[in-house]
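Participant: If you want the building blocks of each chain, they are given just below.
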Amino acid sequence: MSAMAKTSIHQTDLARKRLARRKAKEKRFRYAGVTAVVIAMVMLGWLVVSLVGTGYTAFFQHYLTITVTLDENILDPNGARDADQLRKANYRKIIQQALYARFPEVTYRRSKRALFQIISASGATNHVRKMVYQDPNLVGRELTIVVPVSDDVDQFLKGYIDRKAPEELRRVSDQQIAWVDQLVTSGELVRKFNWRFFTAADSRDPELAGIAGAVVGSIMALGVAFFLSVPIGVGAAVYLEEFAPKNRLTDFIEININNLAAVPSIVFGLLGLAVFLNFFGLPRSAPLVGGMVLGLMTLPTIIIATRSALRAVSPSIIDGALSLGASHTQAVFHHKVPLAASGILTGSIIGMAQALGETAPLLMIGMVAFVTEIPTNIMEPASALPVQIFLWSDSAERAWAERTSAAIIVLLIVLISMNAIAIFLRSRLERRW
Amino acid sequence: MKAASTNYISDLRLKPNMGEVIEMMASAPAAETTQAKFECRNVEVFYSGKRALHGINMDVPDSGVTALIGPSGCGKSTFLRVFNRMNDTIPNARVAGQILMDRQDIYGKDIDPVLLRARVGMVFQKPNPFPKSIYDNVAYGPRIHGLAPRKSDLDTIVEKSLMRAGLWDEVKDRLKEAGTSLSGGQQQRLVIARAIAVSPEVILMDEPASALDPIATAKLEELIDELKEKYCILIVTHSMAQAARVSQKTAFFHLGDLVEYDDTQTIFTNPKDQRTQDYITGRTG
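Order-wise, the sequence lines are chains A and B.
For the first sequence, the numbering used here begins at 1 and goes up steadily by one.
For the second sequence, the numbering used here begins at 1001 and goes up steadily by one.
Simulated from the structure, these hints should not be mistaken for lab results.
Glycine included, C-beta positions come from ideal geometry on N, C-alpha and C.
A couple of the hints might just be wrong.
Unchecked claim - Capping the alpha-carbon separation at 16 Å, the derived lysine to aspartate or glutamate pairs in EDC-like fashion look like this:
# : chain 1 : residue 1 : chain 2 : residue 2
1 : A       : Lys164    : A       : Asp174
2 : B       : Lys1050   : B       : Glu1201
3 : B       : Lys1160   : B       : Asp1136
4 : B       : Lys1126   : A       : Glu430
5 : B       : Lys1132   : A       : Glu430
6 : B       : Lys1228   : B       : Asp1257
To be verified - Some but not every residue of chain A turned toward chain B, in silico, with C-beta under 10 Å:
#  : residue
7  : Ser50
8  : Leu51
9  : Thr54
10 : Gly55
11 : Asp174
12 : Gln176
13 : Val180
14 : Gln182
15 : Ala312
16 : Ser316
17 : Gly320
18 : Ala326
19 : Ser327
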């Protein structure tokens, strides 16, 4: 009995077994966690690799350097240098002649058509038209221009079209491949960085399409959303949290704000369609309306983030201010709101990032339009980056696939930067206190 | 690590035995009889309808330090917050009865709690400097009350307040630094300077030393001793030794009742109530 009494129950074999079991349990939990993280990382890595893999080629484009003769007989037969005439002139013929001159051996009509197909027809004609229109004195002279090749040739040169495949299964003929090879060897056809992708609006031709129109549309819509939702959201949150009486009505409002945060975004699009377009008669496809819809959608997020940021401020600071004779309003605006600023800012930026990635509500108010101009104000029709991605992903040509991926990469980079800014600002503002 | 071998009476965590308290009392200044700053008539406080204070009647003299002692939850902090109407800021709290400050009902219709709090400053249990510079901490009160029309006036107020709080020499070269960068004891003195800067008549202190180490506590008590010359001070404390050291009057609270209120010396040497005696001798509480 006395020997028993000396051994603690925590020193028996049973106790050791219990401990081992406890440790095994903890280990299993840790492994489960690590597995989950690894799976998530692999998925994310996969996504990034596949996006970058298909998308990075869109940042490059093949260009052909060619000398065109601006024949006065074609462009301006009566020699008047009339602006209207210069705009309407047959630039297509100019380009065609330049190409035929480069390959004089091509005589068949069908071969000529195939030859013309290796460059971007509208890209080249528009380029020359613009130059002549700006400087009519160019007519009659020779001009060396650099124009994008057609999307098929570009895809071929990027290796997406197999030269060994049977000719009838390729979009590039044997003859075209021969011309292209010749132009590449002579250095007339080179690969360059695709600036156009960042400076041009949407186009029917993939080699001419860019994201600038969509980016500008997104920026405008986001700006409208920001100026609508941040002041209203922060104001509403401060009022609800600090000044509103606590009664059934404010409880009801609070519940509804939480519900709104969970409402599918397409419903906000329907709201925008019914209210802003049909009732107020605002223009379709306009960034103003898109921004208003996105702003409404972001409002609950900002209100909730602001309220929780305000609640996180230590009440002792407010007590300190009140005890000095600050009024409640002063205590709130001198101390509570500044201390909550980093949280408010983070919430707002994350809300804005959400709005930036939103597609569904924009579809409802017509921002899904095919817009070839970069919008210059918020009332003009525009597209938005996610909608642009949606549109391109729907197109058939191979060249759209890489551009879709490239646009997604741009969108992701912007979103990650916005979140990074939010994190940076939060840590920065918090360090100040 | 405790600060080395300080007199253990100054260690708040230990309760002194009666002998030492009495010994100490011999050196404590005797309470003067002066007119009342506050007259409390049947003061009751309710939290969500539950009564936390039961009809307190008590006069607070307009000079010297009055200590409120008692076990946790006895209502002493609640009572303290009656004097600057801080209970108003707690939802569902209600104060009944009458508290006269200089013969004027501070819960009367013509009294604005904002101005009352400028007259009755408060120091909290946990130092709560604003997350701003030392200067801005002290300048905040004068600024919101518009006490210093010119920058130079404000500078004077800040300097004087910090001097009076015994902090000037330690911080005069770093007024731009954050108030939160100071040590706990310095923060508590900064908060006192902040309260002094609005020229209050009364300073309420809610266990001001409970978060401080013994050395900082000793400094704070020294400061309270100086401040009592100019301000009426009410202090809530857990430490009977502290009450004995700094106060001239002591009120003992128990379960929401004011059990005994007398000169500090009398309370600690000759308590009339059994509960007071049990508490100060360490038998309860």
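Participant: Are the hints correct? Go through all of them and say.
Facilitator: Quick rundown of the hints versus the structure:
1. Lys164(A) with Asp174(A): Holds, at roughly 10 Å.
2. Lys1050(B) with Glu1201(B): violated, 32 Å
3. Lys1160(B) with Asp1136(B): holds, 14 Å
4. Lys1126(B) with Glu430(A): Answer violated: Lys1126(B) to Glu430(A) is near 21 Å, above 16 Å.
5. Lys1132(B) with Glu430(A): holds, 12 Å
6. Lys1228(B) with Asp1257(B): Roughly 26 Å separates the two Cα atoms, so the pair is violated.
7. Ser50: violated, 47 Å
8. Leu51: violated, 43 Å
9. Thr54: violated, 49 Å
10. Gly55: It is violated, given that the least Cβ distance between Gly55(A) and chain B is near 45 Å, above 10 Å.
11. Asp174: Where the cut-off is 10 Å and the nearest Cβ of chain B is about 75 Å from Asp174(A), the hint is violated.
12. Gln176: violated, 70 Å
13. Val180: violated, 67 Å
14. Gln182: violated, 72 Å
15. Ala312: Violated. Min distance 13 Å.
16. Ser316: Constraint on Ser316(A) satisfied, holds at 4 Å.
17. Gly320: Holds, because the Cβ-Cβ distance from Gly320(A) to chain B comes to roughly 4 Å (cut-off 10 Å).
18. Ala326: holds, 5 Å
19. Ser327: holds, 5 Å
Checked against the numbered hints given earlier, the structure breaks hints 2, 4, 6, 7, 8, 9, 10, 11, 12, 13, 14, 15 and satisfies all the rest.
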